[in-house]
Structure formats: C-alpha cells, structure tokens
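These protein sequence lines are chains A, B, C and D, in that order.
This note's numbering runs 781 ahead of the 1-based position in the first sequence.
This note's numbering runs 852 ahead of the 1-based position in the second sequence.
This note's numbering runs 1209 ahead of the 1-based position in the third sequence.
This note's numbering runs 1358 ahead of the 1-based position in the fourth sequence.
Certain hints may be false.
What the hints assert, rightly or not - In the BS3-like style, the derived pairs of lysine-lysine whose C-alpha atoms are separated by at most 27 Å in a straight line are:
(1) B:K1152 to A:K784
(2) C:K1266 to A:K801
(3) D:K1499 to B:K1152
(4) D:K1375 to D:K1363
Honestly, the hints are just simulated from the structure, not real lab data.
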Amino acid sequence: MNKCINYIYSIGAAMGSLGKGMFRTFSSMVHPARILTQQYPENRETTLYIPERFEAELHLIEDENGELKCTACTLCQTACPNDTIQIKVEKVTTPEGKSKRVLSEYIYDLGRCTFCGQCVDSCNFGALEMTNHFENSEYDKRKLVKLLNERHLPANRKEEQI
Amino acid sequence: MEKYMEITPDESEGFIINIGPQHPSTHGVLRLRTQLDGETILNMDPYPGYIHRGIEKMCESLGYKQFIYLTSRMDYLSAHMNNQACALCIEKGAGLEVPERAQVIRVIMAELQRLASHLLWWGCMGLDMGAVSPFFYAFREREMILEIFEETGGNRLTMNYITPGGVMQDLHPDFVHKVKEVLASLKKHEHEYGELLTGNIIFRKRLEGVGILTPELAVSLGCTGPVARGSGISCDVRKQAPYDVYDQVEFKEILFSGGDCMNRYMVRMEEMKESISIIEQLIDHIPEGSFRNKPKGMLKLPEGEYYHRVETARGELGVYIVADGSAKPWRVKFRTPNFSNLTALKPLSIGSKVGDLVAIMSTLDLIIPDIDR
Amino acid sequence: MTSLQIDFTGFTQWIGQTLSDYLSPGWALTVELILAAVALIVMIVVLVILMIYAERKIAGFMQLRLGPMRVGWCGSVQAIADVLKLLLKECVTPFKADKFLFALAPFIVLTTSFLALVPFSYSPGLQLWDINIGVLYVTAVSSISVIGVMMAGWASNNKYSLLGAMRSGAQIVSYELSVGMSLIAVIAMSGSLSILEIINSQADGWWIYKGHIPAIISFMIFIIASTAELNRAPFDLAEAEQELTAGFHTEYSGMQFAMFFLSEYTNMLIASMMAATVFFGGWQPLYLPGLDGFNAIMDYIPGFIWFFGKVFFVVFLIMWFRWTFPRIRIDQLLRLEWKYLLPISIVNVLIAATVAVFEWYL
Amino acid sequence: MNKEKLTTLLSNRFQGKDIGESFGLPALIIAKEELMDTAHLLKEDQTFGFNQLVCETVTDRSEYFELVCHLRAVGKGHEMILKTHVEREETPLLPSLYELWQAAELFEDEIYDLFGIRFDNHPHLRRLFLDEEFEGYPLRKDFVNTLDL
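Next up, chain A with everything else stripped away, as it sits in the complex:
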C-alpha cells in the first residue's frame, strides 16, 4: 500500500515540478516588458549604451593647439605584445638648428590588436586613448591597417602624399 502511495505521490511531485517550469516560461511569455534583447542596428541612436571606457580603436590625442601629443618615443611599440603598432620616426632640423625626432607615421594594425590597453598604459605623455568607435569591420583586412596621424603628417610627408 505504501508503495502504491509513493508511486502516485512521485507522479504528482513530478507533474508539479514540470508545472512550475511551465508556469515560469508562460509568465515570461505574457510579460513582454522582461525582454532582454536589443534591436541593435535600429537602436544605434537611441538605447544603445557603450561605456566611455570601452576599448575599440586606438586614437592619438591632440593637444589644445591641434598638434599631436605623441613624441614618437616608441614606448607603446615596445609595450605592445602583438606588434600592432609601428612607429616611423624621422629627424628634422628645427629653425634653431637642433635636430629633433618627429613622428612620421603611426601605423596601427587593428586586425592584430587584442585591446589589452597596454599601449595606453605605457604612454608617459597621455598621447593615446581607446575610442568607442567599435563598428570597424571591413571586407578587406588591409583596410584594417590604419595610419593614425593622417591629419598630422609632417610637412615633407604631406607633399609626398599629394
């Protein structure tokens, strides 16, 4: 008799546990306010939240005069574990007659970057930052190799480009 009661009780308990799960999914279904997902490309302007510290792309900071803060010391190049950064330096002679190291090209390979932030961390001049611009995908991986100082090329390099 006990066995029989246990048998029926076990069936009842099993049904109960299944019922609880069904109640949970049903209550989620009738409460659309609980929906978690975002409609990504549509919500770009509205609800999309990207924290300001999000590391998506390396960027050179300009100072108040519109010049790059970068001094071409290549500390970031050494700090980078993946050879993402390549800095080309050239020596120019200032009007005073001193020779000075000037940043010629700051080449950043986004495709190799792992966003570890060690370049920003290593910079002693506060010349680097990671921006939030995360929509960086390209069909051609060569396009991921970027020249970061494009707008601030030294005078002689500008002429070459033209």
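Starting from the structure of chain A, add chains B, C and D where the hints point.
Relative to chain A, chains B, C and D alone:
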C-alpha cells in the same frame, strides 16, 4: 591518416564514432573518439589540441607585463582570475606591494567573474540537457555583470584588467551602485533557476547517480574546483592559501559528498550564493587610496622559480614561472584546472550512455582553450 | 442548434454536381480528387508556415527575446523567406550514401503525413473521406513514417544518422501503444471509430468534460505519447542536437530537409487535430449548461474557427513543452513508456469501459 | 604539516640528499633511476602520503631537461616539488608516473608532445596537441619556428 584510424582488436567489436571536434556539446573543439555498443560507451579517448596556440611558448618571448593578456585567452570565462594568478606570481617574484584598494577590487572582480562564469555554465548546462530557454535567463544577470566589466575595465570577455601592482584603471563611479543592482537581481530571480532546472524532474533524473566520481579517483586524477568538491574533497584555494583579501571575508567552502553530476551541479549553484555573500561583505568597504603601484621601468624578476595558485571558476590555476633575471621569463607553465578535469572524463563516461556523456561533460564544465592553451 | 453553423455540404455537393454534369463519372472523380489534394496541400502549407512563425515567436517570448523581427512586420514573412531559401539551396547527397533510398526517404515521410490528414472533419460538411474506422486509419498510417526515418538514417551512411534513426524507431514503436490506448478510452465511451460520429457524439459536451476522469487521464497520456511520437522535445532523442548533432536528417539539405521539416510540423498538426477531434469536440462549439445567451453567441462562431482554435491550443501546448523542458535520456524514455504510461493507460481503458457501460457521464 | 616540518622530515628520510627550495616549496632532486622508488615511497609512506600529482612538467635548462613534479597530500595539506634531471638528447626516456597518479597520463602526453621525452609504461603515449607529423618539439629552447604566419 592511418595513425588516427587504427583499430585495435578489442575495438573491432564496437561502433567507433568521433564526437567532435565540431560538435554542439563539446563547447569548443574537443574530439572524443568514442567506442559505442548501441547507446553504451565502451571506451572513450579525448583528443584535444584543436585550439592549441602555444601560450607557454609565446610567454617566453614576451615581457612580464605583456604576457598577462594571453592568460585571459586560456579560460576565457575566468579571465580576471587568470590575470590575477599571473599578477600575484609576478608580484611575489618582483616584491611588488599591492595597495589595499586594489586587493579588494581584485576580489570583487574575481567573484563577479565567478558569478558570470557559473551563470553561463548554468545556461549551457540547460542547453546540453536539451532545454533551450534557461540559457537566456542566465544571460540576464551575466549581461549586467559584463556591463560592469565593460564600464570599469573597457572590455567584456578578455579584460586584462588586473596587472602586476594593482589594477589597470580605477573603479567606475557607478560601480558600487551597479554591483548592488546585480546582486539584487540575482536574489530576486534565484527561484527561477530552481523552477527551470534544479527542481525539474527530468533534469534531476538525468543527473542523479550519473558519472560518479569517487573521492580517491578525484584525488588521483588531480581534479580540483567544483568537480572535486562535488566528491567531498576540500580543495578551495581561497580557504587553503588565501590570497589578496580572501582571509578577511567569511564564506563557506561548499562540499557535497555524492560525487555524481547532481552534486557537482549543486556545488556550483551554492557557490554562486557564497560569491554573492563575499561581494556583499566587501562592496561597502572598498578602501580609499591608490589603486595601483605602478612598477617603474621594465619589470624584471630576479633569477629563481616562482609559483602561485588561485581558485578560478573551474578549479585551481597554478602559475609556475622560471626566471633567469632578464626581462623575459625563461619558462612559464600554467597548471590549468580544465586540463586535469579532462582526465576525469574517460573514467566517468565508460559504461554510461551517450546522453550521459553530455551531462558529464557539462558538469565537468570543460573550457577547451584552457585545456589546449 | 447546428443550423446556424456554416455548412459546407451544399458547397461540396455543388462542386460534385457541376463536375459530373460536364464530365464522365470517372473523370469527375479524378478532378475532384485533384482539387481536394491541392486544397489540402495549400491548407497544410499555410498552416505550417503559420505554425513556424508562431513557434519562433512563442519561443522568443518564452526566452525573454523578441523572435524574428527583420523580414516583414515583426518578422511575419520570415517563414516564407526561409522556405524560399531552402527551395534555392542545393540538395547534397553524401558520396557513399545509398542514393535511391536517400532520395526516397523524405517522400515517404511526407506522403504518410499527408495520408493521415484524409479522414479529418474540418468543419460541418468539410471532410475528404468519411471512413468508419477513421481513428484507426490515422494511427495506422502515421506509424508508417518510421520507415522513412529509418531509411533516411540508414541511407545517409552517417553514424549519427543511424543512431538517431534507431532511437526514433524504438521510440515510435513503443509510444504507438500509449497513443492507441489513450484513444481507445474515448472510443469506448463514444462507441465509434468514425471521426464524424465521434464529433457528433460530443454535441452535448466535449469528451474531456463529459468523460471526466478517464478522459482527462487519457488526454494527458495522449499529449505525452504523441509528443514522443512526434520526436519533439522533451522527447527529441532522434535529433538530439547536443548528442547527435541533427540525428537522422544530419546529411539532408535544401528541399529534402524542408520535406522532413514540413512532415514534422504536419505530424504535429495531425496529433493536435486528433486531440481536438477526440477530446475537444472537433468543430462543436463550447456550450455551458443553463446559459442560453452564451450558447447562442457560441453558435455564431463558424465551425472551422472552433476546430482550428482547438488545434492551435494543442499545438501551443506541444510548443510550450518544447521550450520549457530538458531532454529525457533514451533508457528513461523507454522506462517512462513501459513502466508508467502503458500500465496507466491500460487501467484507464478499464475505467473508461466501466464508465461507458454504466453511462456515468457528466 | 607546514613547510619547515616537511623539510626536516624529508631530510631525515632522504639522507645525503639536498632538500632545497623551488617554487617556494621544499624540493627534492634525485637521479632519474631513483625516480620510481622515491615516488612510490612518497605516495605510500603514511607520514608523507602525497596522493595527488598537481602538475608534472619539464623545464629546458639548456644543458639538460629538468622534470618537475608538484606533489600534494590532499587532506594533510602539504606539498613538495620532486625534480629529476635527464640528459639532453633526441628522445630521452623516463619512467611514467601513471601507475601512481592517474593524472600523469595527460601531463606526460603533453611533455612528450612539446619536449619529446618518452615515458616508459605509459598506457597510451601520443602527441596530445600537435599533429602526428609535426617536426620538432616546440618548447625546447633550440626549436626553430619554420611556420610562417
């Protein structure tokens, strides 16, 4: 090719089937060469290596500060803990002091990471058992935790936030508020986890009495973490060799003695509650002060051998560094928890059903990149 | 009471009359059959597309997400887009597969599911074939589909497919019994195997209400067993994704896969139609005793809306199971059938027989 | 048992051997011929009772290879390092620890794969991570990377 396909005489009996390397339940690229008799597993050999990147070799050519980011790619669900283990080992060697604030931040972050990892495991556990919905319920809180990481460290999965001497950046001003929100949400939704999986009769029947790992076997196989604690072996590094501020918080080491899948499952569910309690103890008492003791110049370890272990979400991670006095390590070895837990897969699965193999693999919570490194 | 219902008898008779006016009797019959088949296929395809959309939306909302949202308004044409995609895809046959059986299997599966649709009565007067053993016919025909599944698994020359097919075979063969037993309980009370007569016997109350305890038990057994027979979660062992990748249809692609998919949904529809017919009174409206006004309003709702409303209720139940429960293991599956469902349903048939003999109806 | 006590016990038990410190743990360096006997003793002796092999790995010391076994007595809470040296040659041979600690199976597979050290009495020695056809042993210091990525 013949080397892979060779069939020894005793194998000619069964039905050889390769589960993986591309298979939904291996959570990555693990190949299990399984010999079946109908639905019963006669023999099974794991063949890892499909995501071997040679992290240990790569470390030998990188500086001490640089190779930490690689460890986030081993067990990507315990990225903070992996970074923490490396940082602690390097700090031990270099004699770096860590500010109190950084230590507290590290512990909070590690516990948040453990919560996120266990939540993902819980979702995948349901998925492996054939219930798709729990996965999304688990992602609700996990998403909130990842947002906290994103706000503070700048990345979601592979943070590289913990660094020798402290942490990379100070906490986000919203941090305390958001962490409290997550904890409140976790507590509010705790019953849903019970309703969807833990209490479900089908789920319990799938796990109870399946894949029993005896304590002796667990020790001999080198299992650690929730897998060993499900068999009643006390092995929590946070208790045995406290690091950072774990000696200042109170928490229980969760032990279950059955050793079957359900016990391993329950260990993780209870561990989440302990993590919540650890964070609650610390969140209101984050000391003020510096968050980082930045080493000046190139970080170098004096010649010698250094070892440190931490408790990641899956078990004990040991970092062994052999330094030769230069700026780069001579040899780095990571004793990863999943590598040792993988050894348990073979003895547990022999004699069980194909469906049980999925359950066992799921409760061992294998992360393949952590096995292969 | 049924006078208010839209009756299709006149319409079908008019078609038959017109055709035999212009054609010889043999040709008239052929054209009638073709018309019926086309109508049936169109109906099924439309319903299946609706079901796919419903399933994806229901799954979405149960999982705290929105489901398809991109194609059309709230993703409403998503299913049609998927069908188009499948139509355009190449059907790949594995190199060492048994090519003939491999190509034949989806047709067998699909044909058997369409065959089972024949005796159902969708609305007053709308029935293809009023056969006096309708229920038996449906259960008999729908169990042929296991041959197609086994054929697909064997011919694919894939070990996952073979395992899936074997599981499916064991599962369908054993759960057939419970499905039959649970239907017999109601048949004992209604006293007929004809679908139309079963529906007519429920004019004064559906069996789920009139047959009280035995009917409720047999409805629960029917729902569990038919979910298992449909290979749907929590009994989707034949295509258990986490264990066997996709089970017996692992190697199928393009339209061949679409046929398996279509037949799976058609089978679900058949099981739901059977449940609606046997337990919920087919196209009979809901009457509450003593509320004449309410009953009169119910009469204004056409029969096919009643029928498909009930069908979709059962379909929703089956979908609800799928998106809530974890999967059962193979030995547990067989134990559930032989140790729980079958004994209970045998006892239930006895109770139903007693109820029928003493006419203890509510 | 704390570190100092274990060091004393070890130096009493293994007289004539130098008990050093390595990875912050007591370390015992022995010849490879004695490896199996010592390992048996360390596992079966009740005072030591090292029942878990936490990690087994190899360091390339340029002149020789150094096998490092990290042992732990679960329950007793003490750990030690057992080291042995093996001469540098194409495929050196060492006894397998599998019969004592089952965890050794995969560790030794890994060592064979990455250092080319073979293990005697290992149940199923194979290259764990790399291709069977892969040439060279990557974690050796003289390994030249011929792969061009």
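Numbers of unmet hints, in rising order: 1
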